[in-house]
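In order, the protein sequences belong to chains A and B. Using my numbering, read the first sequence as starting at 551 and increasing by one per residue. Using my numbering, read the second sequence as starting at 112 and increasing by one per residue.
Any given hint might turn out to be false.
[Said to hold, decoys possible] Straight-line alpha carbon distances no greater than 20 Å define the calculated EDC-like cross-link-like pairs of lysine to aspartate or glutamate that follow:
#1 B:196 with A:670
#2 A:749 with B:365
#3 B:162 with B:231
#4 B:196 with A:668
#5 B:324 with A:668
#6 A:704 with A:661
#7 B:190 with A:661
[Claimed, not checked] Which bits of chain A does chain B cover? Going by a derived footprint, with three or more residues having C-beta under 8 Å, they are:
#8 586–597
#9 659–665
Bear in mind the hints are in silico, worked out from the structure with no lab data behind them. All residues carry an ideal CB built from backbone N, CA and C; glycine is no exception.
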Amino acid sequence: MSVTRRDFLIASTCVATAGAFPVVHSMEVDGKRYTMVHDEKACIGCTACMDACREVNAVPEGVSRLNIIRSEPIGTYPDVTFQFFRQSCQHCDVPPCVAVCPSGASFRDPDTGIVDVDPDKCVGCQYCIAACPYQVRYIDPVTQAADKCDFCRKTNLAQGKLPACVESCPTNALIFGDLNDPDSEVSQVIATSKTYRTKVELGTDPHLYRIAAPTGGNRS
Amino acid sequence: MNDILNGAFHFESLVWHGPIAAYLFLLGLSAGATLIGLLLKRRVIQGPAWKNGFIKAVAVIAPIGIVVSLLILILHLTKPLAFWKLMIYYNVTSVMSVGVMMFQLYTAVLFVWLALVFADPINQFLDLGLQGRLRWLARPIDRCVSFLSRFELSIEWVLALLAAALGAYTGFLLSVLKTYPLLNNPWLPLLFFFSGLSSGVAGTLLLGVVGFKESGDSPSAHWAHAFEKPIIFGELVVLGIFFGWLFLSGGRAEVAALAAITSGFWAVVFWVGVVFVGLLLPLALQTILPAKWQHSVTFIVVLTSSSLLGVVSLRYFILYAGQMTVY
Numbered sequence: 551m552s553v554t555r556r557d558f559l560i561a562s563t564c565v566a567t568a569g570a571f572p573v574v575h576s577m578e579v580d581g582k583r584y585t586m587v588h589d590e591k592a593c594i595g596c597t598a599c600m601d602a603c604r605e606v607n608a609v610p611e612g613v614s615r616l617n618i619i620r621s622e623p624i625g626t627y628p629d630v631t632f633q634f635f636r637q638s639c640q641h642c643d644v645p646p647c648v649a650v651c652p653s654g655a656s657f658r659d660p661d662t663g664i665v666d667v668d669p670d671k672c673v674g675c676q677y678c679i680a681a682c683p684y685q686v687r688y689i690d691p692v693t694q695a696a697d698k699c700d701f702c703r704k705t706n707l708a709q710g711k712l713p714a715c716v717e718s719c720p721t722n723a724l725i726f727g728d729l730n731d732p733d734s735e736v737s738q739v740i741a742t743s744k745t746y747r748t749k750v751e752l753g754t755d756p757h758l759y760r761i762a763a764p765t766g767g768n769r770s
Numbered sequence: 112m113n114d115i116l117n118g119a120f121h122f123e124s125l126v127w128h129g130p131i132a133a134y135l136f137l138l139g140l141s142a143g144a145t146l147i148g149l150l151l152k153r154r155v156i157q158g159p160a161w162k163n164g165f166i167k168a169v170a171v172i173a174p175i176g177i178v179v180s181l182l183i184l185i186l187h188l189t190k191p192l193a194f195w196k197l198m199i200y201y202n203v204t205s206v207m208s209v210g211v212m213m214f215q216l217y218t219a220v221l222f223v224w225l226a227l228v229f230a231d232p233i234n235q236f237l238d239l240g241l242q243g244r245l246r247w248l249a250r251p252i253d254r255c256v257s258f259l260s261r262f263e264l265s266i267e268w269v270l271a272l273l274a275a276a277l278g279a280y281t282g283f284l285l286s287v288l289k290t291y292p293l294l295n296n297p298w299l300p301l302l303f304f305f306s307g308l309s310s311g312v313a314g315t316l317l318l319g320v321v322g323f324k325e326s327g328d329s330p331s332a333h334w335a336h337a338f339e340k341p342i343i344f345g346e347l348v349v350l351g352i353f354f355g356w357l358f359l360s361g362g363r364a365e366v367a368a369l370a371a372i373t374s375g376f377w378a379v380v381f382w383v384g385v386v387f388v389g390l391l392l393p394l395a396l397q398t399i400l401p402a403k404w405q406h407s408v409t410f411i412v413v414l415t416s417s418s419l420l421g422v423v424s425l426r427y428f429i430l431y432a433g434q435m436t437v438y
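Whole structure, please, built from the sequences with the hints as guidance.
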């Protein structure tokens, strides 16, 4: 069998075209990718978000899904300011907690990108708590299962509302929405503002973005 | 002093506590003893293996090690009664889940192998034990054993592979944790494999000589001794590479390594327990003391105890000091 240059070109064009299709397909957006931005410039550290989260999600005393960590005072009296850092689940695209979970209780919901826990499947080995580099997981003293922020997946979000922390923020420092939708507020903010994420070098691809306050010195 | 101990055993980034260190130690001990037992039976022992005191020691250490370590793991769960879910739901990306699969297989194959090795005394017991009340069991068990004995070599190979994998497993379990730079170290599985093996030799020698009155001068004892020295030497080398890797990685890994071995309670455990008692002392004793002393019972007891103490120290040190520095 002989192959002319013309045959070869036609054949290779066909292969290249066929090869291109899966690439096009994978760029199609299917499902949502819920994402949050914490605007540290707007945050005043009132911790209303922490209270709202506890109430809406019935988080028991002694543990919390969300902490606002206040920095040391910056500047000298009377020009003193603080920085506020949100510590909560980052809803990673590559979540180490899900990878290590032996029973599959920790999972990432493919329709929303939310990382969640099935308390019934959880046996409480605490491997996920050790594996999370953001250290946001705890054992719920009531269910004895691992738990953490689920972007109010089972409460507010299920009722068509925004997560409790976002709803309660008096300064609109929390922006929440679908990153797969280029017109959503969260996509717009991430596209137009200078944001940062923590520990990206670990390859977790976290989906909690932050806008740094002008005083500098980001925590990571 | 209380403050120092309190700080060493209670700190915010600590997730896995002491029982997990005991679990790591016992699992390594069981896997190590099994490997030693297999090697002794294949390479050294002439005649029926079950009469050998070291094989008897392996038959005690290996099953008790695996069973107790699993009990510790189960009791450490926040929902111990839900442990069976680990045996139903599996996740192939989870080192722990793969471990659950492996140690179920390992336990089953271990008991089969021990039944083959101890077939004669088991038969004898079923025939005559408890005034012959177990005689009805003798025939079916004998049939099972003679059927399985056709595959003895394959069973031994499978068991050796499972034991080696479990020895490294305890290291993989911790080395996947990106949270802790000291643990997130590719050399940890090999380090734990070596330390498990050295605890296996030491435990087998100790129980064989003290518990089963095996002579310290027998061919088996000579072989175990000759095996122990390169294992301890290997452990020392891997420990060096383990820390060398951390220091050369820089960043948090360097911070973690420096904190672990230069200050506080765990640095003392490292230098005194792991390095001196566990590695340097046994190596020095084996090298310096005259050959005629090396097979006395006292020498074996001192040598193996110090080696075992070193392995226990290593597991506690790695677990606690490893969790002290976060990424």
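Hint check results:
Among the hinted pairs, residue 196 of chain B with residue 670 of chain A is consistent with the structure: their alpha-carbon atoms are about 10 Å apart, no more than 20 Å. Of the pairs offered as hints, the one joining residue 749 of chain A and residue 365 of chain B holds, with about 17 Å between alpha carbons and a cut-off of 20 Å not exceeded. Of the pairs offered as hints, the one joining residue 162 of chain B and residue 231 of chain B holds, with about 10 Å between alpha carbons and a cut-off of 20 Å not exceeded. With a CA separation close to 13 Å, the supplied pair residue 196 of chain B and residue 668 of chain A stays within the 20 Å bound.
Proposed proximity of residue 324 of chain B and residue 668 of chain A is contradicted: the alpha carbons are some 53 Å apart, above 20 Å. Distance check on the hinted pair: residue 704 of chain A and residue 661 of chain A sit about 14 Å apart at the alpha-carbon level, within 20 Å; holds. A distance of roughly 30 Å separates the Cα atoms of residue 190 of chain B and residue 661 of chain A; the hinted pair therefore is violated under the 20 Å criterion. Only when three residues or more bring their CB closer than 8 Å to a CB of chain B does the claim for the region 586–597 of chain A stand; here the count is 0, and the claim is violated.
Beta-carbon proximity to chain B at under 8 Å applies to 0 residues in the region 659–665 of chain A; the threshold of 3 is not reached and the given coverage is violated.
Figure legend: structure checked against the earlier numbered hints; hints not met, in rising order: 5, 7, 8 and 9.
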